[in-house]
Amino acid sequence: MIKKIYFQSIFFSFLFSMEAFSAESGGMPQLNPEFWISQIFWLTLTFGILYLVLSKLILPKISANLESRKSQILENIEAAEKQREDSETKLKDYEEIISKSRLDAKTIFNQAREKALKDINAKREVLDKQIDDEIIKAEQEIKILRENAPDKINKIAIETSSELVQKLIGAEINNSSISAIVDDLSRRNGEKYYGN
Amino acid sequence: MAANPMTQFNVYRIGPEIKVGAFDISFTNASLFMIISSVAILLIFNLGSKKNSLLPNKIQLLAELSYTFVSKMISDTAGSKAKPYFAFIFSLFMFVLFCNMFGMIPYTFTVTSHIIVTFVLAAFIFIGVTVIGFMKHGLGYLKLFVPSGVPAVLLPLIVVIEIISYLSRPVSLSVRLFANMMAGHTMMKVFGGFVISLGIVGGWLPLSFSVALTGLEILVAFLQAYVFAILTCIYLNDALNLHH
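Those protein sequence lines, which keep their order, are chains A and B. If you're matching positions, the first sequence starts at 5 in the working numbering and goes up one per residue. If you're matching positions, the second sequence starts at 67 in the working numbering and goes up one per residue.
There could be a bad hint or two in this list.
Simulated DEER-style distance windows between Cβ atoms [stated by the list, open to error]:
id, chain 1, residue 1, chain 2, residue 2, range
1, B, Leu-128, A, Glu-89, 29 to 39 Å
2, B, Leu-128, A, Ser-103, 53 to 63 Å
3, B, Ala-218, A, Ile-81, 56 to 66 Å
4, A, Gln-76, B, Ser-231, 43 to 53 Å
5, B, Pro-213, A, Ser-67, 31 to 41 Å
6, A, Leu-56, B, Ser-231, 32 to 42 Å
7, A, Glu-82, B, Ala-218, 57 to 67 Å
8, B, Val-216, A, Leu-56, 38 to 48 Å
9, B, Phe-135, A, Leu-56, 17 to 27 Å
Straight-line C-alpha distance at most 25 Å; calculated SDA-like pairs for lysine to any residue [to be verified]:
id, chain 1, residue 1, chain 2, residue 2
10, A, Lys-60, A, Phe-45
11, A, Lys-60, B, Leu-128
12, B, Lys-147, A, Glu-71
13, A, Lys-74, B, Val-212
14, B, Lys-147, B, Val-212
15, B, Lys-117, A, Ile-53
What the hints contain is simulated information worked out from the structure, not anything from laboratory work. For glycine and all other residues, C-beta sits at the position ideal for the given N, C-alpha and C.
Bound conformation, chain A alone (with noise of 0.2 Å):
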């Protein structure tokens, strides 16, 4: 579309500039030869110049600067590259010694746990032993009292009883007739609290 109007609107121009011909003289400047050598000199002269500068001198220069920049890009994107491998390894080397020392760590837990572990089953043991040891003094002891106590009772009941029997009657009375009775008393009073 625009380029319909584009072409049209030049073709309009050219008529246009065709009527303005007709008006006055001459015609298309570019067709007049006048100045067509002029032209061509000084076209070969300058744009000549321009290749030979820019060919010579500019050229090679932009071309070298933008060479440079590219191996500078380059190394540096090498550097870049080789630091990454450097840190990557380091980052493994890291997380090794980490999960090493997690190990490690692990280890010393458990020999620490084992051994108070251990510690505290052989204090456990002594003390149990040396409860046991009291426990079972103690029990003897128990017994050995268990076993005088009827006696000793007995004796007291029997000094009690002729005591009592001295004051209720006012004489002396046989010991070992009270001793048989307190014996035969306590044993069956005894076995009533001591079953056995």
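Fit chain B to the known structure of chain A by using the hints.
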């Protein structure tokens, strides 16, 4: 009448008349703008290549982008064999581009709007490409006119057509650039004339059109320089690689 849209293409002498033998090589406004364009190119690219910093400044970036743009254009169309001709195509592209662009500034002269200038460039390219083709392939370069896979009956006709199309290359190359530049500038002048003649009441419409045309013409100026350079690359590709 100043509104004649063709007066802008007039070539006139600046300074004295210089004659070498029978030839008039006087310094003209065309010569002036050729020199201005060349000097501008050299200045920009000299500034752009002076310092080599890792982080380029604006002008260096411009120079380097142009360099990579042209070198990519050449390697894409003509392959790696065209590398020795890089400087020529770069100069050509820049020269045409700058001449076109300087022509866009009001009151300037557009060098490339003259058929003689574009034709000299195109003829030089045509002769150069032909010489390169014959140097690379000898008489085998004539195979360019005999496309493969054409039935023998059609061959004479095809060869004639190929030769005509080959010989019309400089004409089409030069006329394309010259006609585009001339037509664009004429049209802008015409619309500028409309603005004056329609005055403050009706002049706004052609003025807005003129503004739009300016943008279009800047695009055309770049595009025609690009087309000129890329067609040169294609012709060079034919001469260097010779596969039809």
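Q: Indicate whether the distance between the beta carbons of Val-216 (chain B) and Leu-56 (chain A) respects the range 38 to 48 Å.
A: About 43 Å separates the Cβ atoms of Val-216 (chain B) and Leu-56 (chain A), which means 38 to 48 Å holds.
(Q) Range first: 29 to 39 Å. Now tell me if the beta carbons of Leu-128 (chain B) and Glu-89 (chain A) are that far apart. (A) The hinted range 29 to 39 Å holds for Leu-128 (chain B) and Glu-89 (chain A), with Cβ atoms some 38 Å apart.
Q.
Just to be careful, I want the Cα atoms of Lys-74 (chain A) and Val-212 (chain B) compared with a cutoff of 25 Å; is the pair within it?
A. violated (44 Å)
Q. For the pair supplied as a hint, Lys-147 (chain B) and Glu-71 (chain A), is the alpha-carbon distance within the 25 Å limit?
A. holds (19 Å)
Q: Take a look at whether the Cβ-Cβ distance between Ala-218 (chain B) and Ile-81 (chain A) falls inside 56 to 66 Å.
A: holds (58 Å)
Q.
Hint check: Lys-117 (chain B) vs Ile-53 (chain A), CA-CA at most 25 Å. Holds or violated?
A. Holds: Lys-117 (chain B) and Ile-53 (chain A) sit about 23 Å apart, inside 25 Å.
Q. Should the hint that Glu-82 (chain A) and Ala-218 (chain B) are 57 to 67 Å apart at their CB atoms be regarded as holding?
A. holds (59 Å)
Q) Between Leu-56 (chain A) and Ser-231 (chain B), is the Cβ distance one that fits in 32 to 42 Å? A) holds (33 Å)
Q) Given the hint that Lys-147 (chain B) pairs with Val-212 (chain B), does the C-alpha gap stay at or below 25 Å? A) holds (23 Å)
Q. Is Lys-60 (chain A) within 25 Å of Leu-128 (chain B), Cα to Cα?
A. holds (20 Å)
Q: With 17 to 27 Å as the target window, see if Phe-135 (chain B) and Leu-56 (chain A) comply at their CB atoms.
A: holds (22 Å)
Q) Is 31 to 41 Å right for how far apart the beta carbons of Pro-213 (chain B) and Ser-67 (chain A) are? A) holds (37 Å)
Of the numbered hints stated above, the single one contradicted by the structure is hint 13.
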